[in-house]
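Engineer: What follows is each chain in one-letter form.
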Amino acid sequence: MSNCAHVIPIAPAAATGPAVRWDELVHDDHVHGSLYTDPAIYQAELQKIWYRTWVYVGHESEVPNANDYVMKSIGPEPILMTRDKSGQINLLHNRCPHRGNRVCMSEKGNARSFTCPYHGWTFANDGALRGYPFPSGYEGADRSKLGLGKVARVASHRGFVFGSFAQEGESLLEHLGAAAGAIDALCMNSPEGEVEVTAGYLKHKVKANWKFLVENETDGYHPSFVHASIFEVAQSGIGTLYDSDSTAVSRDFGKGHTENDLRPEFRKRDVPMGWFGTTADKLPAYVAQMEAAYGKDKAREIMIDGTPHIMIFPNLFIAEIQLFVLQPLSVDHTVQHVTAIQFKGAPDINRRLRQQTMGSVGPAGFLLADDAAMYERTQLGVQASNPEWLYLGRGRHRERLDENGYRISDNTDETPSRGIWRHYKSMMEAA
Amino acid sequence: MSSLALDARSLLDEVTQFIYREARFQDDHAYDEWEALWTDDGVYWIPANGEGGDPEKEMSIIYDNRSRIALRIRQFHTGKRYSQTPQSRLRRVVSNVEILKNEGEELLVTSNAMVFESSAARGDTIWASRNEYTLRREGDALRMARKKVVLVNNETALYSMAFLI
Chain A
1 MSNCAHVIPI APAAATGPAV RWDELVHDDH VHGSLYTDPA IYQAELQKIW
51 YRTWVYVGHE SEVPNANDYV MKSIGPEPIL MTRDKSGQIN LLHNRCPHRG
101 NRVCMSEKGN ARSFTCPYHG WTFANDGALR GYPFPSGYEG ADRSKLGLGK
151 VARVASHRGF VFGSFAQEGE SLLEHLGAAA GAIDALCMNS PEGEVEVTAG
201 YLKHKVKANW KFLVENETDG YHPSFVHASI FEVAQSGIGT LYDSDSTAVS
251 RDFGKGHTEN DLRPEFRKRD VPMGWFGTTA DKLPAYVAQM EAAYGKDKAR
301 EIMIDGTPHI MIFPNLFIAE IQLFVLQPLS VDHTVQHVTA IQFKGAPDIN
351 RRLRQQTMGS VGPAGFLLAD DAAMYERTQL GVQASNPEWL YLGRGRHRER
401 LDENGYRISD NTDETPSRGI WRHYKSMMEA A
Chain B
432 MSSLALDARS LLDEVTQFIY REARFQDDHA YDEWEALWTD DGVYWIPANG
482 EGGDPEKEMS IIYDNRSRIA LRIRQFHTGK RYSQTPQSRL RRVVSNVEIL
532 KNEGEELLVT SNAMVFESSA ARGDTIWASR NEYTLRREGD ALRMARKKVV
582 LVNNETALYS MAFLI
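Which chain is which? The protein sequence lines are A and B, in order.
For the first sequence, position 242 matches number 242 in this note's numbering, and the numbering has no gaps at all.
With positions in the second sequence counted from 1, the corresponding number in this note's numbering is that position plus 431.
So here's chain B without its partners, still in its complex pose (with noise of 0.2 angstroms):
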């Protein structure tokens, strides 16, 4: 292998290490790690329709600057939060890591996640997206400065899903 080639490999093994603990941190309901990812800049989005147009102006199921993630993550932290007390179980497969972009500080990345979650009063659902991230890197480490995932059936009426996803 050239060492390009060596490069890029080793940076498709970092972006995906870097999906897999934040699955991880998403299925374990690690809170706080996974506000840790972000960037200060931080937007997360979840449109509703499809591709989800302009955020600005349609709805979308999450549209959060990052002090709303860091509300969404204190308002768990309450305990309170009924729709995650208790918590969904949750365990997610993610596949498909690729970067279809490099600009150097930032990268966009695309994945496919399937989520299987077991919720005590409603029982299980399958949820599928396609997700996609820039993560920018800050010294040593990637954060996330952008998460938009695109829930494959977000056409459709969708059962709670307050989870991180």
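Extracted from the complex, chain A is given alone in its bound form (with noise of 0.2 angstroms):
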């Protein structure tokens, strides 16, 4: 037996089709339908995109002891994520190297190793194998070559672990560039620092291709109608954000990641707490931690601004208070996991948010049912021919540079969008 029949690399899909010219599918500000619904593209999409790129896999603290060990994705790909015995964080492939098994099949536990029900194949939580029952059948086997396959780059960020399938390539910190700095001014908005990911998932599964869910995401226009049921029935102050005369603007950093910086309108507002429509003295344990922990002043600041409402591409979006991750089954389903953000040693506020997400997201959502039911509706509806193209053109001509030389632009203009095509033109275009 070969030791290295499982790293026989085998030829993606796309690769043996004809080779598709990309910048004859996305221009400045239209994209071509067939992006959504052809399957060949997709299968691309995984070998360009997916299996090569920075992918959010999971939070630090979804694993916070020990041998602990929960199922995450890449792509339609599990994902073992394990903190090993050491306190090092492993991201396994979820495949025997014996005869393909998948080896675990629960969402979560404590395990120092995984065994294959099939041959008996143990692994540590590290991927290495541990040992196979009559071993003299192996006799001059490498069992160093025999472990589960290892996610070849994992990095993590404030606790936010990402994996990349490529062995090289550019740093996490290069990949997400300004998004780390959102991801840190999320933490702020715990008196620790820290943001956990503890309240566990909803599994939102759409008809309806990923790229729609990543561009509706930062898409500033549809509030006002998709939403507009719940925010007239919910006094919500959101509604107002997405507003033709809203200050908040929509931002491109590149990369694929994009934003809705909603904090011009909550600093006109002036309210701590307003971004997450409330007001100081219904939080006064979490208000007191806060200014205990940064000062009364720069608390104020961070009560202020709130969270970010950013799509780190391709599949991490932090809306607010909640964190998205989103998993693409096939060229047409989707999966959105969705959980509560949870602000470390902040307990009433924590209450709130798990509250405040449950009605919002998931299958039965007051927002996200209403999402759903759009990203399915334009599945169907790009599958007519005519015209085949889709308009990304909003606020084009009043697009303009920030201080800091990224793209801004009205809150409702589809920056966001013509930023998330020119990034995935440039990864499908790269060798």
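Any given hint could turn out to be false.
[Unchecked claim] Distance condition first, Cα-Cα at most 16 angstroms in a straight line; then the derived EDC-like pairs of lysine to aspartate or glutamate:
hint: 1; chain 1: A; residue 1: LYS108; chain 2: B; residue 2: ASP555
hint: 2; chain 1: A; residue 1: LYS268; chain 2: A; residue 2: GLU232
hint: 3; chain 1: A; residue 1: LYS85; chain 2: A; residue 2: GLU107
hint: 4; chain 1: A; residue 1: LYS207; chain 2: B; residue 2: ASP555
hint: 5; chain 1: A; residue 1: LYS48; chain 2: A; residue 2: GLU168
hint: 6; chain 1: B; residue 1: LYS511; chain 2: A; residue 2: GLU232
hint: 7; chain 1: A; residue 1: LYS48; chain 2: A; residue 2: GLU170
hint: 8; chain 1: A; residue 1: LYS145; chain 2: A; residue 2: ASP126
hint: 9; chain 1: A; residue 1: LYS108; chain 2: A; residue 2: ASP68
hint: 10; chain 1: A; residue 1: LYS85; chain 2: A; residue 2: ASP126
hint: 11; chain 1: A; residue 1: LYS298; chain 2: A; residue 2: ASP270
hint: 12; chain 1: B; residue 1: LYS488; chain 2: A; residue 2: ASP348
hint: 13; chain 1: A; residue 1: LYS150; chain 2: A; residue 2: ASP126
hint: 14; chain 1: A; residue 1: LYS108; chain 2: B; residue 2: GLU563
hint: 15; chain 1: A; residue 1: LYS205; chain 2: B; residue 2: ASP555
hint: 16; chain 1: A; residue 1: LYS150; chain 2: A; residue 2: ASP84
hint: 17; chain 1: B; residue 1: LYS532; chain 2: B; residue 2: GLU489
hint: 18; chain 1: A; residue 1: LYS205; chain 2: B; residue 2: GLU586
Just so you know, these hints were derived from the structure itself, not from any lab.
Since each chain sits alone in its own frame, please combine them into the complex, following the hints.
Structural biologist: Now the structure itself:
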């Protein structure tokens, strides 16, 4: 038996098809409908994007103790995130190197090792082969080459763990760029400077291409229409953030990362905790903790600005108080894993973060069920043949650079979509 | 039959009729009639992972107190709740009704349900659940003080289900 059998590369399906001219499908303000519907394009995206760039996998607080593990994913592939006995985070492929069996079938737990039930091969939670039954049959085998597959590169920022299947490439911080600062700003909203992911996930499936979701996350144009029903009955202050005269801005950070920066609007309102639709007197314990941690002035600033609304390409959406992890399953199926962000050490606000998240998101959420309806209707509509293109020109004439050189425009403009597609094209064109 | 057995039989009939009525209101999107079945302290709970653990700590698909149930109904009435515009076409079968506990004013009741949903945008979906009710007698009528819907497949990724279940 060859010890190297498991590393023979499998040619991606798309590599056998005709080469796609990406510049013919992605223009500055138009994209072709087939980008959302063509299975060959989806296969190419797996190879060029999902199995290459940094993809968000999970948060360190989901595996707080030695030997904790949780089932995650990179694109359609299941990935085990483990914390080994030394405290190190590992990202492992869930496939036995012997006969390809799925090794772990439970969502989470605590285990020092994983045993494949098929022939009893056992792996440490850092992926190394610990042993196989009847070892005399494997005389001369190199056991170091028979561990679980490991995600080539693993890195984390402020507890947010990312993985990349590419052996080489830019560092996580290079990939994140300014998005790293948004994660830092999020963490500042905890009096301990850390966020946690401890409330479990809703898994919401939609019959739509993943890119419709990525684009929608920072589309500041749709809330006034898609979410009119809940804005109307819930006396929510969110609606006006996305009016045509909102002072909030849309921003393209480059590398596909985009945001709706709502701070100009919150600063104008000048109400601490207004970003969360409340006032400081409703959360006295949290406010006191924040003031003790950062000082009165800085705490006030943080509590005015609130948390970011940023889509970190390709799959991490920080939506003020929620964390969405996007997972494509096929060209027309996508799962949104969503949970409430928790501010470490702040139980009174955390309860409200959970309550508000549960109301808003998931299969029956006041907001997300309606977004999902749009995703599914768009997936249906885009299959019509005329016009072939989607038009993303909104606000192009008023796009400008901010003081850091990032493209910004009005909050309802399609600057984020255009940024996402610019980056998409560069990734798909790369060798 | 003894009178005790007759009492038990008629209570089960009353409970079963209540559950059938609730099912019909849901299938017909009779939002206000459905809302009127709730007590003032009603809790509507659809856990996300198995039995759901502690809904105060973990994410649920729905964990509505009475005012949030009312908000849900008001949202439907705007006519712009796009996940239900057009409405899903629904028919459900409810069965296996059992009274697990009878504490006079309150009953703990369980049933099984299968719902066939036909959605214009997404096609057909079959949902299956164990439903657990706390029913309370208020005057002449039974009302729901708590309804928990444990979807059989709630550990997997689910399509939108913005209709009443």
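Engineer: When you check the alpha-carbon spacing of LYS108 of chain A and ASP555 of chain B, does it fall within 16 angstroms?
Structural biologist: violated, 31 angstroms
Engineer: Assess, step by step, whether the Cα of LYS85 of chain A is no farther than 16 angstroms from the Cα of GLU107 of chain A, and give holds or violated.
Structural biologist: violated, 20 angstroms
Engineer: Run the distance test for LYS108 of chain A versus GLU563 of chain B: straight-line Cα separation, threshold 16 angstroms.
Structural biologist: Distance of about 27 angstroms is beyond 16 angstroms: violated.
Engineer: Taking 16 angstroms as the top limit, are the C-alpha atoms of LYS48 of chain A and GLU170 of chain A close enough?
Structural biologist: Holds, at roughly 15 angstroms.
Engineer: Next pair to validate is LYS511 of chain B with GLU232 of chain A; report whether the Cα-Cα distance is within 16 angstroms.
Structural biologist: holds, 10 angstroms
Engineer: Between LYS532 of chain B and GLU489 of chain B, does the CA-CA distance stay at or below 16 angstroms?
Structural biologist: With a Cα-Cα distance of about 27 angstroms, the restraint between LYS532 of chain B and GLU489 of chain B is violated, given a limit of 16 angstroms.
Engineer: Does ASP555 of chain B lie within 16 angstroms of LYS205 of chain A when you go C-alpha to C-alpha?
Structural biologist: The hint holds at about 14 angstroms.
Engineer: Are LYS85 of chain A and ASP126 of chain A close enough, with their CA atoms no more than 16 angstroms apart?
Structural biologist: holds, 9 angstroms
Engineer: If you draw a straight line from the CA of LYS207 of chain A to the CA of ASP555 of chain B, is it 16 angstroms or shorter?
Structural biologist: holds, 12 angstroms
Engineer: Going straight from one Cα to the other, do LYS108 of chain A and ASP68 of chain A come out at no more than 16 angstroms?
Structural biologist: holds, 8 angstroms
Engineer: Can you confirm whether the C-alpha distance between LYS488 of chain B and ASP348 of chain A stays at or below 16 angstroms?
Structural biologist: holds, 12 angstroms
Engineer: Check whether the Cα positions of LYS150 of chain A and ASP84 of chain A lie no farther apart than 16 angstroms.
Structural biologist: holds, 13 angstroms
The structure is inconsistent with the numbered hints 1, 2, 3, 14 and 17, although it conforms to all the rest.
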